[in-house]
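These protein sequences, in sequence, are chains A and B. Residues 1 to 126 in the working numbering are what the first sequence lists, from first letter to last. Residues 1001 to 1126 in the working numbering are what the second sequence lists, from first letter to last.
To be clear, the hints were calculated from the coordinates, so they are not data collected in a lab. Treat the hints with care, since some could be wrong.
What the hints assert, rightly or not - Result set (SDA-like, lysine to any residue): computed pairs, CA atoms no more than 25 Å apart in a straight line:
no. : chain 1 : residue 1 : chain 2 : residue 2
1   : A       : Lys105    : B       : Ala1093
2   : B       : Lys1053   : A       : Arg7
3   : B       : Lys1119   : B       : Glu1025
4   : B       : Lys1053   : A       : Glu24
5   : B       : Lys1053   : B       : Ser1004
6   : B       : Lys1105   : A       : Gly62
7   : B       : Lys1105   : A       : Lys53
8   : A       : Lys53     : A       : Cys82
9   : A       : Lys53     : A       : Ala23
10  : A       : Lys119    : B       : His1074
11  : A       : Lys105    : B       : Gly1083
12  : A       : Lys119    : B       : Leu1096
13  : B       : Lys1119   : A       : Asp108
14  : B       : Lys1105   : A       : Val88
15  : B       : Lys1123   : B       : Ala1093
16  : B       : Lys1053   : A       : Gly62
17  : B       : Lys1119   : B       : Asp1018
18  : A       : Lys123    : B       : Asp1108
19  : B       : Lys1123   : A       : Ile99
20  : A       : Lys105    : B       : Cys1081
21  : A       : Lys12     : A       : Glu33
22  : B       : Lys1053   : B       : Lys1119
23  : B       : Lys1105   : A       : Gly83
24  : B       : Lys1053   : B       : His1074
25  : A       : Lys105    : B       : Cys1079
26  : A       : Lys53     : A       : Arg7
27  : A       : Lys105    : B       : Ala1064
28  : A       : Lys53     : B       : His1063
29  : A       : Lys105    : B       : Leu1096
30  : A       : Lys105    : B       : Thr1086
31  : B       : Lys1105   : A       : Ser59
32  : B       : Lys1105   : A       : Asp65
33  : A       : Lys123    : B       : Glu1100
34  : B       : Lys1119   : A       : Glu100
35  : A       : Lys119    : A       : Ala16
36  : A       : Lys105    : B       : His1076
Number of protein chains: 2
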Amino acid sequence: MRYSRQRELVLKKVAALDDHPTAEEIYEIASRESPGLSLGTVYRNLNVLADAKRIRRVSVPGHADRFDHTLREHSHMYCTCCGSVTDVELDDAALLQIIEAGAGKIEDYSLTLFGVCGKCRGKSSN
Amino acid sequence: MRYSRQRELVLKKVAALDDHPTAEEIYEIASRESPGLSLGTVYRNLNVLADAKRIRRVSVPGHADRFDHTLREHSHMYCTCCGSVTDVELDDAALLQIIEAGAGKIEDYSLTLFGVCGKCRGKSSN
DNA sequence: CTTATTGCAAAACGTTTGCAGGTTT
DNA sequence: AAACCTGCAAACGTTTTGCAATAAG
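Could you put together the complete structure from these sequences and hints?
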């Protein structure tokens, strides 16, 4: 992977945003700082960075992919109220049981929880 | 939800196929039996049937949605070798831990395992 | 008679890709 | 100079939608 100004910027924004931004959101913010940046380049760099495990891809069923600068293994919760995505940690026992459920040849897994986040619970009478 | 011949057919095919077909696959097979059926109608019916909980939607990150006639709560494994999707059961303890990880307000969850299915393991030296 | 549902085609959506030119090593 | 990366625009695969016509209750 060769250096490029655009790649550096994309990586920096994923880290700085820290809230699981989509490609579109990263593009929006990065192109303020680098006019002429193209959305295709953002997608390409997100893919390269994810393949190189410098960032992680977060898939939320029914929505655009998001990207996460946290490399540690973890899962996510999608708030059905505000659409935010927050980190969720499974303990080792749960993880082990997930691996075992797949009969021993699991390469990866994707777990997304759907619920109402703390912030939204705080507001209305949810 | 009103009765319609097309809806009945879509539901029947999801049940009969029994292997997590995609909308396209359902369309392919159903339209043999009902020429003139449109892909849009298949999508619309899959949506109303899923909303009414007569079938379940199975999201596999990076692939088209699939549909499942099994209503019982369960997860899925996507075979990275042949692309097949098979059912996977989590035991109650794992489920409980998943619910707890989300801090108590989980409405739903989506878990997809990625690995090599039994059939593919049987073949080559996998 | 009213309203849901259909087929069709067009469009929306998120994402990838071919290309010609520019950058990095 | 070779290999990689960019911007642009077109295309992709999946899914939704507007419409006028048809079917269900």
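Which hints, by number, does the structure contradict?
Numbers 2, 4, 7, 8, 10, 15 and 22 - these are the hints that the structure violates, sorted from lowest upward.
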